[in-house]
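A.B. asks: Each chain is listed here by its residues.
There are 2 protein chains.
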Amino acid sequence: MEKIRIGIAGYGNIGRGVEQAIERNADMELVAVFTRRDPKTVSTVSEGVSVLSMNDLHLKKDDIDVMIVCGGSATDLPKMGPDIVKYFNTIDSFDTHAKIPEYYNHMDEAAKGGNHIGIISVGWDPGMFSLNRLFGDSFLPQGDTYTFWGKGVSQGHSDAIRRIPHVKNAIQYTVPVDEAVEEVRSGSGPKFTARQMHRRECFVAAEEGADLKEIEDTIKNMPNYFAEYDTTVQFITEEELKEKHSKMPHGGFVIRSGETGKDNHKEMMEYSLKLESNPEFTSSILVCYARAAYRLAKKGESGARTVFDIAPALLSAKSPEEIRKQLL
Amino acid sequence: MEKIRIGIAGYGNIGRGVEQAIERNADMELVAVFTRRDPKTVSTVSEGVSVLSMNDLHLKKDDIDVMIVCGGSATDLPKMGPDIVKYFNTIDSFDTHAKIPEYYNHMDEAAKGGNHIGIISVGWDPGMFSLNRLFGDSFLPQGDTYTFWGKGVSQGHSDAIRRIPHVKNAIQYTVPVDEAVEEVRSGSGPKFTARQMHRRECFVAAEEGADLKEIEDTIKNMPNYFAEYDTTVQFITEEELKEKHSKMPHGGFVIRSGETGKDNHKEMMEYSLKLESNPEFTSSILVCYARAAYRLAKKGESGARTVFDIAPALLSAKSPEEIRKQLL
Numbered sequence: 001m002e003k004i005r006i007g008i009a010g011y012g013n014i015g016r017g018v019e020q021a022i023e024r025n026a027d028m029e030l031v032a033v034f035t036r037r038d039p040k041t042v043s044t045v046s047e048g049v050s051v052l053s054m055n056d057l058h059l060k061k062d063d064i065d066v067m068i069v070c071g072g073s074a075t076d077l078p079k080m081g082p083d084i085v086k087y088f089n090t091i092d093s094f095d096t097h098a099k100i101p102e103y104y105n106h107m108d109e110a111a112k113g114g115n116h117i118g119i120i121s122v123g124w125d126p127g128m129f130s131l132n133r134l135f136g137d138s139f140l141p142q143g144d145t146y147t148f149w150g151k152g153v154s155q156g157h158s159d160a161i162r163r164i165p166h167v168k169n170a171i172q173y174t175v176p177v178d179e180a181v182e183e184v185r186s187g188s189g190p191k192f193t194a195r196q197m198h199r200r201e202c203f204v205a206a207e208e209g210a211d212l213k214e215i216e217d218t219i220k221n222m223p224n225y226f227a228e229y230d231t232t233v234q235f236i237t238e239e240e241l242k243e244k245h246s247k248m249p250h251g252g253f254v255i256r257s258g259e260t261g262k263d264n265h266k267e268m269m270e271y272s273l274k275l276e277s278n279p280e281f282t283s284s285i286l287v288c289y290a291r292a293a294y295r296l297a298k299k300g301e302s303g304a305r306t307v308f309d310i311a312p313a314l315l316s317a318k319s320p321e322e323i324r325k326q327l328l
Numbered sequence: 001m002e003k004i005r006i007g008i009a010g011y012g013n014i015g016r017g018v019e020q021a022i023e024r025n026a027d028m029e030l031v032a033v034f035t036r037r038d039p040k041t042v043s044t045v046s047e048g049v050s051v052l053s054m055n056d057l058h059l060k061k062d063d064i065d066v067m068i069v070c071g072g073s074a075t076d077l078p079k080m081g082p083d084i085v086k087y088f089n090t091i092d093s094f095d096t097h098a099k100i101p102e103y104y105n106h107m108d109e110a111a112k113g114g115n116h117i118g119i120i121s122v123g124w125d126p127g128m129f130s131l132n133r134l135f136g137d138s139f140l141p142q143g144d145t146y147t148f149w150g151k152g153v154s155q156g157h158s159d160a161i162r163r164i165p166h167v168k169n170a171i172q173y174t175v176p177v178d179e180a181v182e183e184v185r186s187g188s189g190p191k192f193t194a195r196q197m198h199r200r201e202c203f204v205a206a207e208e209g210a211d212l213k214e215i216e217d218t219i220k221n222m223p224n225y226f227a228e229y230d231t232t233v234q235f236i237t238e239e240e241l242k243e244k245h246s247k248m249p250h251g252g253f254v255i256r257s258g259e260t261g262k263d264n265h266k267e268m269m270e271y272s273l274k275l276e277s278n279p280e281f282t283s284s285i286l287v288c289y290a291r292a293a294y295r296l297a298k299k300g301e302s303g304a305r306t307v308f309d310i311a312p313a314l315l316s317a318k319s320p321e322e323i324r325k326q327l328l
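So the sequences go chain by chain: A and B.
1 is the number of the first residue of the first sequence in UniProt numbering; add one for each residue after it.
1 is the number of the first residue of the second sequence in UniProt numbering; add one for each residue after it.
Treat each hint with caution, since some may be false.
The list treats identical chains as interchangeable, and a pair is accepted whether it falls inside one copy or across any two copies.
Stated by the list, open to error - Lysine-lysine pairs mimicking DSBU-like chemistry, simulated, CA-CA at most 30 Å apart:
#: 1; residue 1: K318; residue 2: K112
#: 2; residue 1: K299; residue 2: K325
#: 3; residue 1: K262; residue 2: K86
#: 4; residue 1: K262; residue 2: K60
#: 5; residue 1: K3; residue 2: K266
#: 6; residue 1: K61; residue 2: K99
#: 7; residue 1: K40; residue 2: K262
#: 8; residue 1: K40; residue 2: K99
If you're looking for bench data, these hints aren't it; they were derived computationally from the structure.
Let the hints inform the model, and build the full structure from the sequences given.
C.D. replies: Listed below in structure tokens is the structure:
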């Protein structure tokens, strides 16, 4: 079998997850990992993977079918995405929801210029949650959609705490409010404030002698991040933080409740995820969309795509005949 | 706005559901309902809908963009599907899982011959449940998929009871076994027999003086339908049956549990439906796939398709820009 040749650009949690996801898919092989660090200082999860400088991407232009671009959405991807899609088919997990339209347009232009496919905003949110929001909105046009996240670590909120003076390290969990989830499932179509849907649990390691009350107040009053939520702050040692809070679980629900027929029958669709490793699950999705990008590029297509544009059959390693027989 | 012109071929529960779903979608209009009964004897849910004989389908060839074929899978669709797709783009909900590959091939040939699109096996199972089995199988290649149905009315099982001598009427509910659902959700990857996953609840109205014990035994020992399950049979009056059991609720779950990464982290994906009206919800999905068929046909595509082949964006009444902005 001819394998799909994958490259990884950016080697953080997601990059390492992609490396391991490729191992679980027999139709793919990892060609190289590209990093902005000194390649000599980077050791990969599996042995024998070549690690190259991000500056040498173009040297592998003919050896890689799809590049999975694993950069941050704030500053990395807006530049890396359009640069790389000129030379490779790409997959990324751009997740700044408000800037997706702008990013899509830049990627579409660059991808068409390079005659490549660039599938953006892949993962579970944006990604599978988006698909379920679309299905809900389409099938039940009169209804309400609710997205709950957690319980899981929010990297952005954890970083916001770490930037506070005298904080050594911190982890923030986003937690859906049980009562809100149950109310949505009852089909009553409730309206919520942010505070009613999620609460925030913070675990903080502070410097010795720091004013804990001041740190706690700073967290709880931080606008956009914490002020709009019921937030709890617990101070623990750096060792305890490392020991008990270094896993990256996550999950959540997308629920659509709506009505059908002249008697307004209530219908409820729910999609939920419970993940022990957020980055590994995200990566497992990314490699399937890499398979789709490979197939679309083979058909001569080019331009930006989102999960909305990808026919599900393209994600599967199985043939159309097999999936009709086994999974339909 | 130019509306998508829909026809309904076959006017049972699903046909009536489609009629009502069209009312909820501003970009569609119902052109006509076709029936095998005498059209004069058929009254529609909404006023002013033309009802025509199934023999006159071809008269509306130029007035209908997509025909939603609402026939039974056992005997109706294998003949109606290929006949109708020669003249119209079609949607159907063919649900005899074992015969889907054969039906697909017949539909593909007929659809290509007529230069039309025929999307088969649309609904929630086959349909949305199939998509979730595909996503699970693709994203978590090492794992187990479980499909639970219910609590809901199984038409096939209800019919099987009704064919027993001295039974006037009957309804059968398929019920998932709670303990099995919980065990699956725990991520233990259990293996089940049919009996361990679902039980069957039967409500039967018998003729006066009938041997109830004999009817109960006949039901409980019926191979393929009941013998492999824990089945309860309750005799009630025909009035009670009509009063308490004439709704058509249904639902179910597709759960994929699998592992990621070198440390075998457990990941769980669950899709669930809770429906007050099974035929109305199914119909709500059918009309969205009719929108997709319309768009594919406009692009000049032809042949059979399944839900696996349809890019989700094609289902939405909203533009690609709107869905990227609002739902991604």
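A.B. asks: Which of the stated hints cannot be reconciled with the structure, identified by number in ascending sequence?
C.D. replies: 3, 8
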